[in-house]
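> Listed below, chain by chain, are the residues.
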Amino acid sequence: MSVYSVHAKRRVIDVASKILMGAATLVGVFFLFWILWTTLKFGLAGMHWSLFTQDTPPPGTDAFGLRNAFVGSLILLGLSMLMGVPIGLMAGTWLAEYGFRSRTANLVRFINDIMLSAPSIEIGLFAYAIVVAPMGHFSAFAGSVALAILMIPIIVRTTDEMLSLVGSDMREAAVALGAPAWVVITKVTWKAARAGILTGILIGLARITGETAPLLFTALNNQFFSTNLFRPMANIPMVIFEFALSPYANWQQMAWAAAFIAVAFVLVLSLVARSFLGKVQVPK
Amino acid sequence: MKSLKKMGMALALTVACALAIPAVRAQSSLTGAGSTWVYPLVAKWSATYQKLTGTEVNYQSIGSGGGIAQIKAGTVAFGASDMPLKPEDLRAAGLIQFPTAVAGAAMSYNLSGIASGKLILTGPVIADIYLGKIKKWNDPAIEKLNPGLKLPDMNITVVHRSDGSGTTFTFTNYLSKISPEWKEKVGSNTSVAWPVGVGGKGSEGVASYVQRIPGSIGYVEYAYILETHGSYARMINSAGKVVSPTLQGFQDASAHVDWANAQDFYVILTNQPGADTWPISGCTWQILRKNAPQATNMQVMKFFDWGFEHGQEMAKSIAFGPLPPSTVAAIKSYWKRELGYSI
Amino acid sequence: MNGSDVAVQRGMRPASDQPKSASKPWRLSADFLFHKATVFAAFLAAATLFAIVIAITYDSWPAIRTFGIWRFLKSSEWDPVTQTFGAFPFIVGTLVSSAIAMLLAVPLSFGIAVFIAEIAPAWIKRPVAAAIELLAAIPSIVYGLWGLLVFAPVFAKIEPWISDHLGAIPGIGSLFQGPPMGIGMLTAGIVLAIMVLPYISSIMRDVFLVVPSSLRESAYAMGATTWEVAWQVILPYTRSAVIGGIFLGLGRALGETMAVTFVIGNSNVLSSSLLMPGATIPSVLANEFTEATTKLYLSSLIYLGLILIVVTLAVQFLAVLLIRRLGRREGTPA
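As given, the protein sequences belong to chains C, L and D, one line each in that order. The first sequence begins at 0 in numbering that gives the first Met the number 0 and counts up one residue at a time. The second sequence begins at 0 in numbering that gives the first Met the number 0 and counts up one residue at a time. The third sequence begins at 0 in numbering that gives the first Met the number 0 and counts up one residue at a time.
Chain C extracted, bound-state conformation (with noise of 0.2 Å):
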């Protein structure tokens, strides 16, 4: 085999495998587009102004409203933030104000990765198990439940990560001026890192929006507009779910006009989060 043979098969293979890669490149980036723009034709033909001032119709009807699925969303989303983001953002500063690189620290934060990515339906089946079931029925208060479990590792990872970058000179600043260990966390280091912790509450935000798993044996759904944490609330993943399954039209055009709202709130919630955090690694 000549020198030249063995040249030309590596160029061969270097330029086979640049094209297969760009072409890899290329499938991911068509099915995005393909989803997002399906996403988009058949979302914004569905959208009406009454989406957000009459509530889901029953079958049979032409009508269109999404007013309760929106509004359950809200509060299920508000009242996980209320219970997640305070438990994840002082487990967070457990990990790196008190625990650094212990033994201990590095377990909880082993297992909160595992948490990250934990299948959201065995999350609902938890919820069910410690919240619906002894309730005796379902309730938007065990969704919330469900979805903060989500929410807490996200928040937990980039606290710690955000407070572990911020450099000593504050704090020992603070600590000099005679500041307790307390105030120095919360008035300077969390202030610090603000911008990088409240990314990780918006990714986590980002991340329960579209969650249906979990609510599937938690707050189920409600035809009715209700604000009542402890009955079955309306939500838009649950209604996407049901609707999209149905043989109605108008059911099928509210599905994805719900659908294409959710995933603008994502997209929206990522730039966002994206430009405060600029360069600093996300975790997924």
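In short, the hints are calculated from the structure, not lab data. Certain hints may be false.
No more than 27 Å apart at the CA atoms, straight line, and that leaves these computed lysine-lysine pairs for DSS-like [to be verified]: (1) 156(D) with 135(L); (2) 289(L) with 315(L); (3) 134(L) with 156(D); (4) 73(D) with 184(L).
These numbers were taken from a predicted model, which means no experiment stands behind them.
Position chains L and D against the provided structure of chain C, taking the given hints into account.
The following block gives chains L and D in isolation, referenced to the frame of chain C:
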């Protein structure tokens, strides 16, 4: 920090309002769940009922199996099931049941050349299709029933329910009656081990799959076929006549059962005699817990009583047959007898 | 850095040789409460994992007692009428759909990661990387919606070609035979592949960028082609993290519910063809959970959930372990 504080306050305010409002609304809302068969009817009734009385009846169509499970667990005020519970099961679980309206299930199909109502099928042929023994549309057994039609050489895609369904119970009950092989191999229940086919969630899911997959066939409650302008097949009933799914056909089936004397209204409407009777007729029963709070049970009874009195025209418009007046009276005395109180 | 030294330096705790009474009581109590609050939060965050496993095991106990372990895993009978339940079709469905997803996603992710890390000019790198990450931001129910209403009809037109050509291959042909429904095991695998693609490729890309430039540049300097550098220098160096990333994607594919439920066809019967419908553990949970009419039925479903969480936790445990190994080598958190 200021903006964070503002956000936090706004959030707290929202949650506080959310927590305060339930105190006002808690009295006038009911949750029911179950049968997708009866969903179009309950949805129509509850929309009008809410306008008239302000009470919201929130019905989640998760399948009869779900309705039974949820009322047993006490997570809903009423469960709707197309499979009546046996009197001994009702006793054991502390439940009562009463019928709502009669209707029928029909076979919906997706064959581009064949208009709705043109295809004729019999019970045994349907059983063989669902057993996987008849695989193609131009099978001799189907061609024999449809001499004038050009049936394509296409695979039959069988669609069934993936969730626990009273429609499944009604359908498999009928198949068990007319096909010993089906009765032995599969049986009849809200959820069975289907030998072949694709599973759709809810009657909506089945109707949706049939709409989408060419060459498919599925069983759905007739109101769904009406709503989606789907194609239905005519059938040959126990009297040997070719019949279409009609309100009259369902009510004829209902006329052949003794509602008033059946314990806990346990009757089966499939394969009833009669020249114009529709073979796959059925009914939905509403199930209540005996030891639920009296106020809750009263609200449920008021709603269905309103439906019996004022909702019949709405029911007929989507091919749901009202119960005979004697049966409604029997239901009211049943309530009084079983619960100790009535509306 | 030892944790306790830093805490003393930062004034969070008095040094051990100082008498406790020397500290001002009010300061210590506020610090004490704050510290305990953070410890509690961290404990909650970590303990949730164990709580989930314990709660699910507890609720599946009636089914475990009735069916045992081996019998449940091997049985294909899922019959609510006779109250016999077996996990085999769902385990197979979960594994097969995830396997299809990984077979498709891993090479694609590798190609995308190398493309972004090595081949693409700077002005393409960031937008393409952002675009791929956007795939991860799309909610899974939108994947299901798109999969059923948009992709399945298109795929139904491709399926006859697949069953005619691939179905004719002796041996594996039976894998590709069936009516062109558009939905089924293969469709579910493809949709899953698109969903896990961004996770695997972004981990690969992150670790490829961490490879010391001295290593890469010396390979290029010796005349290696881009492919050779990727395959023989970068990949071996990042091997454990790459495998970890693959496991991470696998864990996600195993647990994915909504997208699969929409397109898999919901048939509890094992079929030999990928074009036929099937079911996975998450999809059967989504379909049948709220309708389980008996305690044994419900408990059997939760038993399925137990099997799933044991498998996914094992996979993710390995994933995190492998990814961290590379991170620790380089000193950066992965």
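> Take the hints in turn and mark each one as holding or not.
Consistency of the hints with the structure:
1. 156(D) with 135(L): Between residue 156(D) and residue 135(L) the Cα gap is close to 19 Å, so the pair holds against 27 Å.
2. 289(L) with 315(L): Violated, because 31 Å separates the two Cα atoms, which is more than 27 Å.
3. 134(L) with 156(D): Roughly 21 Å separates the two Cα atoms, so the pair holds.
4. 73(D) with 184(L): 21 Å, holds
Of the numbered hints listed earlier, the single one contradicted by the structure is hint 2.
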